[in-house]
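Chemist: Residue numbers (my numbering), protein chains in the order written: chain A, 1 to 172; chain B, 173 to 491.
Since the hints were derived computationally from the structure, they do not count as laboratory data.
All C-beta atoms, glycine included, are put in the ideal place defined by N, C-alpha and C.
One or more of the hints may lead you astray.
[What the hints assert, rightly or not] Heads up, incomplete: computed chain A residues facing chain B, CB under 7 angstroms, no partners named:
1) PRO52
2) PHE53
3) ALA54
4) VAL59
5) VAL60
6) VAL73
7) MET75
8) VAL126
9) THR127
10) PRO128
11) VAL131
12) TYR136
[What the hints assert, rightly or not] Simulated restraints on C-beta separations:
13) A:ALA152 <-> B:GLY336: 30 to 36 angstroms
14) A:PRO138 <-> B:CYS445: 45 to 51 angstroms
15) B:PHE441 <-> A:CYS103: 53 to 59 angstroms
16) B:ARG210 <-> A:VAL125: 55 to 61 angstroms
17) B:ALA453 <-> A:SER147: 37 to 43 angstroms
18) B:ARG458 <-> A:ILE66: 26 to 32 angstroms
19) A:THR124 <-> B:VAL322: 28 to 34 angstroms
20) B:ARG210 <-> A:PHE70: 17 to 23 angstroms
[To be verified] Only pairs whose alpha carbons sit at most 20 angstroms apart, straight line, appear in this in silico DMTMM-like list of lysine to aspartate or glutamate:
21) A:LYS134 <-> A:GLU144
22) A:LYS129 <-> B:GLU200
23) B:LYS348 <-> B:ASP428
24) B:LYS244 <-> A:ASP85
25) A:LYS129 <-> B:ASP428
26) B:LYS244 <-> A:GLU144
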Amino acid sequence: MSVELFLFYLAATVSLVSTILALTRYNATHALIYLIISLLASAIIFYLVGAPFAAVLEVVIYAGAIMVLFVFVVMILNLGARGDDLEHQWLKPGMWLFPGLLCLILFLEMIYVLSGSSQNLAGTVVTPKEVGIKLYGPYVLAVEIASMLLLAGLIGAYHLGRRYLVDSRKES
Amino acid sequence: MDEIFIYLIIFGTLFGAILYAVVLVWFERRLLGLWQDRFGPNRVGPFGIGLAFADMIKLIAKEDWVPPFSDKFIFIFAPTAVMIAMLMGFAVVPYAPGIYVVDLNIALLFFLGMTSLAVYSVLLGGLASRNKYALLGGLRSAAQMVSYEVFMGLSLMGVVMLSGSFSLVDIVNAQKDLWFVVSQFLGFFVFLIAGIAEIHRLPFDLPEAEHELVAGFHTEYSGMKFSMFMLGEYLGVILISSMIVTIFFGGWLGPDFLPPIFWFGIKTFIFICFFVLLRGAIPRPRYDQLMSLGWKVMLPLTLINLMVTGGVVLWWGQA
Numbered sequence: 001m002s003v004e005l006f007l008f009y010l011a012a013t014v015s016l017v018s019t020i021l022a023l024t025r026y027n028a029t030h031a032l033i034y035l036i037i038s039l040l041a042s043a044i045i046f047y048l049v050g051a052p053f054a055a056v057l058e059v060v061i062y063a064g065a066i067m068v069l070f071v072f073v074v075m076i077l078n079l080g081a082r083g084d085d086l087e088h089q090w091l092k093p094g095m096w097l098f099p100g101l102l103c104l105i106l107f108l109e110m111i112y113v114l115s116g117s118s119q120n121l122a123g124t125v126v127t128p129k130e131v132g133i134k135l136y137g138p139y140v141l142a143v144e145i146a147s148m149l150l151l152a153g154l155i156g157a158y159h160l161g162r163r164y165l166v167d168s169r170k171e172s
Numbered sequence: 173m174d175e176i177f178i179y180l181i182i183f184g185t186l187f188g189a190i191l192y193a194v195v196l197v198w199f200e201r202r203l204l205g206l207w208q209d210r211f212g213p214n215r216v217g218p219f220g221i222g223l224a225f226a227d228m229i230k231l232i233a234k235e236d237w238v239p240p241f242s243d244k245f246i247f248i249f250a251p252t253a254v255m256i257a258m259l260m261g262f263a264v265v266p267y268a269p270g271i272y273v274v275d276l277n278i279a280l281l282f283f284l285g286m287t288s289l290a291v292y293s294v295l296l297g298g299l300a301s302r303n304k305y306a307l308l309g310g311l312r313s314a315a316q317m318v319s320y321e322v323f324m325g326l327s328l329m330g331v332v333m334l335s336g337s338f339s340l341v342d343i344v345n346a347q348k349d350l351w352f353v354v355s356q357f358l359g360f361f362v363f364l365i366a367g368i369a370e371i372h373r374l375p376f377d378l379p380e381a382e383h384e385l386v387a388g389f390h391t392e393y394s395g396m397k398f399s400m401f402m403l404g405e406y407l408g409v410i411l412i413s414s415m416i417v418t419i420f421f422g423g424w425l426g427p428d429f430l431p432p433i434f435w436f437g438i439k440t441f442i443f444i445c446f447f448v449l450l451r452g453a454i455p456r457p458r459y460d461q462l463m464s465l466g467w468k469v470m471l472p473l474t475l476i477n478l479m480v481t482g483g484v485v486l487w488w489g490q491a
């Protein structure tokens, strides 16, 4: 087994284990930490299959910005031990049964699909420049739509926040 | 490159960076003292440099205490995050031609990724302490770092446009004729301020403002765990200084009478001194002032810089 393949399976195992742990933790902060580890592991997988740009973006955007905001929200809620108890009440073992069954179907399907093909790991390396040219060439419409969506989100957040600001000024 | 040589560089980077950070704790106090017309710590060893090591021995020898009300798993994990992230950041810094750990074609993004992971240290430290002051410090730092990260990354894109690469070695080589600080002065200015905010140094150390938050996120920390936060901060100062030098001040480039690595060292040292001087010279802004400065001044400045740079690059048809 080559080093790359070994690293790939190692990162994949870490990613799977941490994702399962992230799903089953009762404490929200612990779950988030496992989710971050899972994202970092998938960044390594991206790197190994020849997409360094996607790997770094995974770290910068998902692990470095979006998950920070998740932790931020957990901090503001400041649930503590009370939150753990609530989770215990909500998350009964029986709840896993049906989702588990559905996942099993998908898992079997994936094994069937993968067993047919024999694709090599470490294909062509995609440089950031190629990604940029692709994004602003054939996929420019998708980029514009995504930025439109972000703009809508921005305006929405500003609207909600502004109403709150005006209210609090009236009160004081 | 030779196999052993690479290991030597890796070891040198790790050891050198940590040793530099330890000595920097003393150096900062000493320099601040001299600038404020007093002596600073000057008793232990020549120039008082022994104080750095005395401090280290004291911190290592202290009892390793975890508060019983804290979230133990995260409480212990938090200080390691900043150390690991900052040390990983050094992996892409080119010290001289041929002397670097790796030359990634995404080095600049790698550096940004590592600094953004360092946020977790402060955030989780504040959260796991289960202490109001620590929580407030953590909250502040989360908002501060996430917003300053945005234009920290954007401010560097002008340089990427001009050099046509994310690789730091290419960026240094592109500065043979003219340092990017001249053509990208706005970018440099924004990156400097965002860099200070990112490693929460004074005057932007709102997460740990001692007059309002006791000690902020590390209120509950002591001993070696506290010193890891401290070392992480000083590692951040060194990392940001060396990045400023690499990206905007020509890295190892300089006149021939000194070897390249010395030029890199000298320039980095000047920026570290500048960071210390800032601490001694500028008062701390209010928290809302900090945030509005970021979003209302820095972000538009960066966007203007980006647009003008893009326009100029297109006009002359470079890169």
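Chemist: Could you work out which earlier hints the structure fails to respect and list their numbers in ascending sequence?
Modeler: Violated hints (numbers, rising): 3, 6, 8, 11, 12, 20, 22, 25, 26; every other hint is consistent with the structure.
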